[in-house]
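Colleague: So the sequences go chain by chain: A and B.
Start counting the first sequence at 1; every next residue gets the next number (the numbering used here).
Start counting the second sequence at 1; every next residue gets the next number (the numbering used here).
Treat the hints loosely; a few may be bogus.
When the alpha-carbon atoms are kept at most 30 Å apart in a straight line, the in silico DSBU-like pairs for lysine-lysine are as follows [claimed, not checked]:
hint, chain 1, residue 1, chain 2, residue 2
1, A, K38, A, K3
2, A, K34, A, K3
3, A, K109, A, K38
4, B, K275, A, K34
5, A, K109, A, K34
6, B, K275, A, K3
7, B, K133, B, K275
8, A, K34, A, K61
9, B, K275, A, K109
10, A, K38, A, K61
11, A, K113, B, K275
12, A, K3, A, K109
Quick caveat, the hints were computed from the structure, so don't treat them as lab data.
In this text the structure is predicted, and so the values were computed from the model without any measurement.
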Amino acid sequence: MVKCLSCGGIYAPTQADGAEYYHVCPPLSVPELKAALKAGSLVVTPAFQATIDAAAAVDAKRALTDTTPLAVDTVLASITVARHLERNENPAGPAPSLLAPTPIIAEGKGIVKLLGSDGPPIVATVAPAPPIVRTP
Amino acid sequence: MAANRDPLQDTLDGAEQAAAILSPSATYLELDDEIRVTAYNAAAGVQLEIRSRILGIGRKVQVSRDFLTPSTARAASSAIIGTDEGWLIGGEVIVAGGTPTVGQCFVVVEIVRGITGSSQPYQAVAAGYVTAKLPLAFPGLPLSLSTEGAGAIRPIVGTTPGVGAEVLETVPTGARWQLLSFSTTLVTSAAAANRVPALIIDDGANAMYAGQAQGNETASLAWSNYWAPGAPALFVAASFVSWFPLPAIVMLNAGSRIRTSTTAIQGADQYAAPKYTVREWIEGQ
Numbered sequence: 001m002v003k004c005l006s007c008g009g010i011y012a013p014t015q016a017d018g019a020e021y022y023h024v025c026p027p028l029s030v031p032e033l034k035a036a037l038k039a040g041s042l043v044v045t046p047a048f049q050a051t052i053d054a055a056a057a058v059d060a061k062r063a064l065t066d067t068t069p070l071a072v073d074t075v076l077a078s079i080t081v082a083r084h085l086e087r088n089e090n091p092a093g094p095a096p097s098l099l100a101p102t103p104i105i106a107e108g109k110g111i112v113k114l115l116g117s118d119g120p121p122i123v124a125t126v127a128p129a130p131p132i133v134r135t136p
Numbered sequence: 001m002a003a004n005r006d007p008l009q010d011t012l013d014g015a016e017q018a019a020a021i022l023s024p025s026a027t028y029l030e031l032d033d034e035i036r037v038t039a040y041n042a043a044a045g046v047q048l049e050i051r052s053r054i055l056g057i058g059r060k061v062q063v064s065r066d067f068l069t070p071s072t073a074r075a076a077s078s079a080i081i082g083t084d085e086g087w088l089i090g091g092e093v094i095v096a097g098g099t100p101t102v103g104q105c106f107v108v109v110e111i112v113r114g115i116t117g118s119s120q121p122y123q124a125v126a127a128g129y130v131t132a133k134l135p136l137a138f139p140g141l142p143l144s145l146s147t148e149g150a151g152a153i154r155p156i157v158g159t160t161p162g163v164g165a166e167v168l169e170t171v172p173t174g175a176r177w178q179l180l181s182f183s184t185t186l187v188t189s190a191a192a193a194n195r196v197p198a199l200i201i202d203d204g205a206n207a208m209y210a211g212q213a214q215g216n217e218t219a220s221l222a223w224s225n226y227w228a229p230g231a232p233a234l235f236v237a238a239s240f241v242s243w244f245p246l247p248a249i250v251m252l253n254a255g256s257r258i259r260t261s262t263t264a265i266q267g268a269d270q271y272a273a274p275k276y277t278v279r280e281w282i283e284g285q
């Protein structure tokens with residue numbers, strides 16, 4: 001198993017049937033979009049910002065409970081924003097030579113192998129239970 | 001006519017005369033002609049063996065055996081096999097290693113000129129899938145499309161997304177998928193909110209279909225979500241399970257995406273790795 005450093009996703013590069021699995025980072029979710037807007041790392045068009053502001057104004061006038069769906073969330077869910085330095089492991093073309101790896105579309109921030117991921121699952125060994133001795 | 005002259009020799013003088021009068025095959029190979037085998041493969045550990053029989057000018061049948069180890073990226077992997085001059089009586093491509101199923105290793109056999117990467121094809125003699133049980137014979141059989149046949153049934157375990165992120169699975173380059181089922185578990189955090197997962201199928205940009213759970217998935221629980229053709233639109237809160245139907249046939253090109261979009265998803269919610277089944281073919285390159 002490996003972990004994508006761009007999105008935090010964890011996956012197996014090779015499936016149980018032996019086929020290769022090509023990970024692609026998901027677009028930003030609504031909580032991630034909110035965080036990015038708040039941090040200033042995501043800039044939207046003035047028109048879309050006006051839509052967000054209008055939705056926020058609607059939410060401000062409502063009696064919200066913990067479970068009331070927010071108009072702002074609905075607005076943000078309507079857009080798809082790729083995350084910065086997303087990783088896309090789909091092949092970008094043929095390998096330049098027989099020994100070279102196949103280039104992928106985007107490396108992103110790279111991946112890290114998770115411990116124990118190459119071999120069989122790590123199974124904790126359990127000491128055998130003592131025999132049950134029945135006394136007459 | 002001179003005594004003891006082989007009447008067959010008169011026939012064989014001149015390739016054109018020979019081909020017209022004594023032609024054991026419709027495919028004649030000159031010295032400049034080669035056989036090129038191209039494989040588009042998705043299965044691991046596959047090795048192909050190419051065998052052929054050629055009736056040479058000297059009226060001897062020459063057999064050849066060559067090997068090709070294709071890549072697993074569904075991209076073209078080729079081998080060019082030098083041949084002597086003569087008639088191509090027949091041949092086959094067989095699986096010498098690995099166990100590809102139908103839908104995983106598509107092979108094209110052509111007559112080409114040139115032995116480098118710039119070889120020019122002049123005649124396609126075979127195209128079809130090979131498996132451990134089914135060789136591809138040439139010449140003589142009709143050419144098949146890579147998108148024909150039963151396809152390979154593949155169960156896939158996708159990516160466990162990061163915390164607060166949605167699920168995303170993408171049809172890989174070089175593949176065509178039919179989505180048969182999709183499931184994922186949403187573990188909701190303690191934050192109070194009514195999450196409503198939806199499964200969206202898009203072409204990489206535009207959503208083509210959305211199937212939304214029929215109830216609210218509340219906090220601090222693990223909700224199982226299932227989507228499949230023919231599934232009921234059903235939400236059983238007591239069992240924390242949601243089912244939703246997909247269209248009867250969901251065919252997806254390379255680059256199409258299957259993803260969740262969850263109303264009121266919270267930053268600490270966690271989707272489990274999706275588990276889904278597809279029928280896969282090699283797409284036209």
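Colleague: Look at each hint and say if it fits the structure.
Modeller: Against the structure, the hints:
Annotation: proposed proximity of K38 (chain A) to K3 (chain A) holds, straight-line Cα distance about 27 Å (limit 30 Å). Between K34 (chain A) and K3 (chain A), the direct Cα distance comes to roughly 24 Å. Compliance with the 30 Å bound is thereby established for this hinted pair. Note on K109 (chain A) and K38 (chain A): the hinted pairing holds, with a Cα-Cα distance of about 23 Å set against a maximum of 30 Å. At roughly 29 Å between alpha-carbon atoms, K275 (chain B) and K34 (chain A) fall within 30 Å of each other, so this suggested pair holds.
For the proposed pair K109 (chain A) and K34 (chain A), the alpha carbon gap of about 22 Å is at most 30 Å, so the pair holds. For the proposed pair K275 (chain B) and K3 (chain A), the alpha carbon gap of about 18 Å is at most 30 Å, so the pair holds. With a C-alpha separation of about 29 Å, the suggested pair K133 (chain B) and K275 (chain B) falls inside the 30 Å cut-off, and the hint holds. Distance restraint check for K34 (chain A) and K61 (chain A): the Cα-Cα separation of roughly 20 Å lies within the 30 Å cut-off, and the hinted pair is therefore satisfied.
Using a Cα cut-off of 30 Å, the hinted pair K275 (chain B) and K109 (chain A) holds, with the two alpha carbons roughly 26 Å apart. Between K38 (chain A) and K61 (chain A), the direct Cα distance comes to roughly 21 Å. Compliance with the 30 Å bound is thereby established for this hinted pair. For the hint linking K113 (chain A) to K275 (chain B), the alpha-carbon distance of about 21 Å falls within 30 Å, and the restraint holds. In summary, the hint linking K3 (chain A) to K109 (chain A) is supported, as the alpha carbons are separated by about 11 Å, within the 30 Å threshold.
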